[in-house]
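Enquirer: Please arrange chain B on chain A, whose structure you already have, making use of the hints.
Protein chains: 2
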Amino acid sequence: MKTIVICSGGLDSVSLAHKVADENDLIGLVSFDYGQRHKKEVEFAARCADRLGVPHDLIDMRHIGQHLSGSALTDDVDVPDGHYAEDSMKITVVPNRNAIMLAIAFGIGAAKGADAVAAAVHGGDHFIYPDCRPEFIDAFEAMQKHALDGYAAIRLYTPFVHIPKSAIVIEGAAHGTPFGDTWSCYKGGEKHCGRCGTCVERQEAFALAEVIDPTEYDDPDFWKTTVEKGQL
Amino acid sequence: MKTIVICSGGLDSVSLAHKVADENDLIGLVSFDYGQRHKKEVEFAARCADRLGVPHDLIDMRHIGQHLSGSALTDDVDVPDGHYAEDSMKITVVPNRNAIMLAIAFGIGAAKGADAVAAAVHGGDHFIYPDCRPEFIDAFEAMQKHALDGYAAIRLYTPFVHIPKSAIVIEGAAHGTPFGDTWSCYKGGEKHCGRCGTCVERQEAFALAEVIDPTEYDDPDFWKTTVEKGQL
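Chains as they are written, first to last, in the numbering used here: chain A, 74 to 305; chain B, 74 to 305.
Bound-form chain A, shown alone (with noise of 0.2 Å):
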């Protein structure tokens, strides 16, 4: 299954990546540049497409970014510290992403010749992001098989959907993906700052997993303090 996987550099993207190399026909990666404060990520995605011998596709969104705009990953807002929730991480949605990403995917697959786009969607986003659920993924599907109808047939492969995070630490261990090598940090500083919601999310991953963290955090010991104070 000739597969091209949408990698943003991060943990989950990355592990992905990993997975389809070892179990697939790994044909490429994607990634897409927002514009975004995490933007440093997007250098993890071609470490991970040159270590794994594919090409790289970036797909510079910046324009399209600023069309639309209320977002902290793109604008000029704060992002807030700790732990996701609801109302905090709200104002970090920019609007239809995930669609839009896909149907990118999906296009460059059809260019390509791909059998499928594979995307690390994961079980901890379905509660905030709604184009991260299993829903949307199915329908997703069902509309780029009426889009491509005579021309391709690519499917929508999300092996992360319905399991959490840790559950992603422990796929990727198993394919011996370099954790040290991806990146999570919305704050996009020398090291993670083990503070923003990415980074709290993280370390409870390899914790929850039992698999060593290589990480350096800035404050390796905020997120502890959330997880003890019950916001977890």
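Don't take every hint at face value.
Distance windows between CB atoms, simulated [stated by the list, open to error]:
| # | chain 1 | residue 1 | chain 2 | residue 2 | range |
| --- | --- | --- | --- | --- | --- |
| 1 | A | N97 | B | L281 | 47 to 55 Å |
| 2 | B | I243 | A | D123 | 56 to 64 Å |
| 3 | A | F200 | B | V300 | 55 to 63 Å |
| 4 | A | A246 | B | L131 | 43 to 51 Å |
| 5 | B | V300 | A | H235 | 41 to 49 Å |
| 6 | B | D254 | A | Q139 | 24 to 32 Å |
| 7 | B | L131 | A | R124 | 35 to 43 Å |
| 8 | A | I285 | B | K113 | 53 to 61 Å |
| 9 | B | E289 | A | N97 | 51 to 59 Å |
| 10 | B | D95 | A | K75 | 46 to 54 Å |
| 11 | A | I285 | B | A119 | 55 to 63 Å |
| 12 | A | E263 | B | H248 | 57 to 65 Å |
| 13 | B | R135 | A | E208 | 44 to 52 Å |
Once the Cα atoms are required to be at most 25 Å apart in a straight line, the calculated SDA-like pairs of lysine to any residue come out as [to be verified]:
| # | chain 1 | residue 1 | chain 2 | residue 2 |
| --- | --- | --- | --- | --- |
| 14 | A | K185 | B | D106 |
| 15 | B | K218 | A | P251 |
| 16 | A | K218 | B | I236 |
| 17 | A | K218 | B | D211 |
| 18 | B | K113 | A | H140 |
| 19 | A | K75 | A | I236 |
| 20 | A | K185 | B | I201 |
| 21 | A | K113 | A | S239 |
| 22 | A | K218 | B | F200 |
| 23 | B | K218 | A | R228 |
| 24 | A | K113 | A | P251 |
Computed, partial: chain A to chain B, Cβ under 7 Å [claimed, not checked]:
| # | residue |
| --- | --- |
| 25 | Q139 |
| 26 | H140 |
| 27 | N169 |
| 28 | A172 |
| 29 | A183 |
| 30 | G186 |
| 31 | A212 |
| 32 | M216 |
| 33 | H219 |
| 34 | A220 |
These are calculated hints, taken from the structure and not from any lab test.
Nothing here was measured: the structure is a model prediction, and the numbers come from that model.
Ideal placement from N, C-alpha and C gives every residue a C-beta, glycine not left out.
Expert: Only chain B this time, still in chain A's reference frame:
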């Protein structure tokens, strides 16, 4: 119903913009620049937005178009003369173009608080383009319902999906569309060429609708020859 219209500047989408401005609450036009040869159309979309007094979002897709190669609309391949026929027109397909454009338009719609995105897909395109068929439209709207659940409720309004281009001409005339201020020709010259697939289709639509065609063509008689040859 606050509605955004996807408008290329062609006869169909300019007619749709005038219909929506008459019957609903038109809040903006969105156009996509794929670096294609009929880019000239986009100027007619800008003029339509001016005329109707709404903002015009022009989305630059040239970078993305480079990743979706293989089409006469964006690449250096000759545009075929004559009426649409499956073989000659397949090369004008940009893979997954409608899904990509619609997904971006829904993102803009969500950002602007729209109730609907309107697109001028129509009956005449069903045979060649799978992403113009009613099944695709229904599946796309269902997908978006999941993607934006809890954030926005936007319907996909495609009043031309079941009608031929001649009926669009009749509908456009009923809403005062200045047809001379629309562009169809794929070749993008000074005047409409009169010979390419869209020019032939355009002239035929006016004839069938029994509406006067105000367009100047370089070769105004070619289309009749095509019709006489039974290539309709």
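Enquirer: Could you run down the list of hints and mark each one as holding or not?
Expert: Against the structure, the hints come out as follows:
For N97 (chain A) paired with L281 (chain B), a C-beta distance near 50 Å keeps the hint of 47 to 55 Å intact. A beta carbon spacing of about 58 Å between I243 (chain B) and D123 (chain A) agrees with the range 56 to 64 Å that was offered as a hint. Remark: the range hint 55 to 63 Å for F200 (chain A) to V300 (chain B) is upheld by a beta-carbon distance near 59 Å. For the pair A246 (chain A) and L131 (chain B), the supplied restraint of 43 to 51 Å holds, since their beta-carbon distance comes to about 46 Å.
Take V300 (chain B) and H235 (chain A): their Cβ atoms lie about 56 Å apart, and the range 41 to 49 Å is violated. Between D254 (chain B) and Q139 (chain A) the CB atoms are about 28 Å apart, so this pair conforms to the stated range of 24 to 32 Å. Roughly 38 Å separates the CB atoms of L131 (chain B) and R124 (chain A), a value that falls within the hinted 35 to 43 Å. Roughly 59 Å separates the CB atoms of I285 (chain A) and K113 (chain B), a value that falls within the hinted 53 to 61 Å.
Hint check: E289 (chain B) to N97 (chain A), Cβ distance near 55 Å, so the stated range 51 to 59 Å holds. Between D95 (chain B) and K75 (chain A) the C-beta distance comes to about 48 Å, which sits within the given range of 46 to 54 Å. I285 (chain A) and A119 (chain B) have their C-beta atoms about 57 Å apart, which keeps the hinted 55 to 63 Å range intact. Checking the proposed 57 to 65 Å range against E263 (chain A) and H248 (chain B) shows it holds: the Cβ atoms sit about 58 Å from each other.
The hinted range of 44 to 52 Å is not satisfied by R135 (chain B) and E208 (chain A), whose Cβ atoms lie roughly 34 Å apart. Using a Cα cut-off of 25 Å, the hinted pair K185 (chain A) and D106 (chain B) holds, with the two alpha carbons roughly 22 Å apart. Distance hint between K218 (chain B) and P251 (chain A) is unfulfilled; the C-alpha atoms sit about 37 Å from each other, more than 25 Å. Proximity of K218 (chain A) to I236 (chain B) is assessed by CA-CA distance (about 23 Å); at most 25 Å being required, the pair is judged to hold.
Between K218 (chain A) and D211 (chain B) the CA atoms are separated by roughly 12 Å; this keeps the pair inside 25 Å, and the hint holds. Of the pairs offered as hints, the one joining K113 (chain B) and H140 (chain A) holds, with about 22 Å between alpha carbons and a cut-off of 25 Å not exceeded. For the hint pairing K75 (chain A) with I236 (chain A), the CA-to-CA distance comes to about 24 Å; that is within 25 Å, so the pair holds. For the hint linking K185 (chain A) to I201 (chain B), the alpha-carbon distance of about 21 Å falls within 25 Å, and the restraint holds.
A distance of roughly 23 Å separates the Cα atoms of K113 (chain A) and S239 (chain A); the hinted pair therefore holds under the 25 Å criterion. Of the pairs offered as hints, the one joining K218 (chain A) and F200 (chain B) holds, with about 16 Å between alpha carbons and a cut-off of 25 Å not exceeded. A hinted pair counts as satisfied when its Cα atoms are at most 25 Å apart, and K218 (chain B) with R228 (chain A) qualifies at roughly 20 Å. A distance of roughly 17 Å separates the Cα atoms of K113 (chain A) and P251 (chain A); the hinted pair therefore holds under the 25 Å criterion.
The criterion of a C-beta within 7 Å of any C-beta in chain B is not met by Q139 (chain A), whose closest approach is roughly 10 Å, and the hint is violated. Here the hint on H140 (chain A) is kept, as its CB sits about 5 Å from the closest CB of chain B, short of 7 Å. Interface hint at N169 (chain A): satisfied, since its Cβ lies 4 Å from the closest Cβ of chain B, which is below the 7 Å cut-off. Because the beta carbon of A172 (chain A) sits about 4 Å from the nearest beta carbon in chain B, less than 7 Å, this interface hint is met.
Proximity of A183 (chain A) to chain B holds as hinted, the smallest CB-CB distance being about 4 Å (cut-off 7 Å). At its closest, the beta carbon of G186 (chain A) sits 11 Å from a beta carbon of chain B; the interface hint therefore is violated under the 7 Å criterion. For A212 (chain A), the interface hint holds, since its Cβ comes within 7 Å of a Cβ in chain B; the closest pair sits about 4 Å apart. Given the 7 Å rule on beta carbons, the hint for M216 (chain A) holds: about 4 Å separates it from the nearest Cβ of chain B.
Using the Cβ-Cβ criterion of 7 Å, the hint placing H219 (chain A) at the interface with chain B is satisfied: the shortest such distance is roughly 4 Å. Against a cut-off of 7 Å between C-beta atoms, the interface hint on A220 (chain A) holds, since the closest Cβ of chain B lies about 4 Å away.
Hints 5, 13, 15, 25 and 30 from the earlier list are contradicted by this structure; the remaining hints agree with it.
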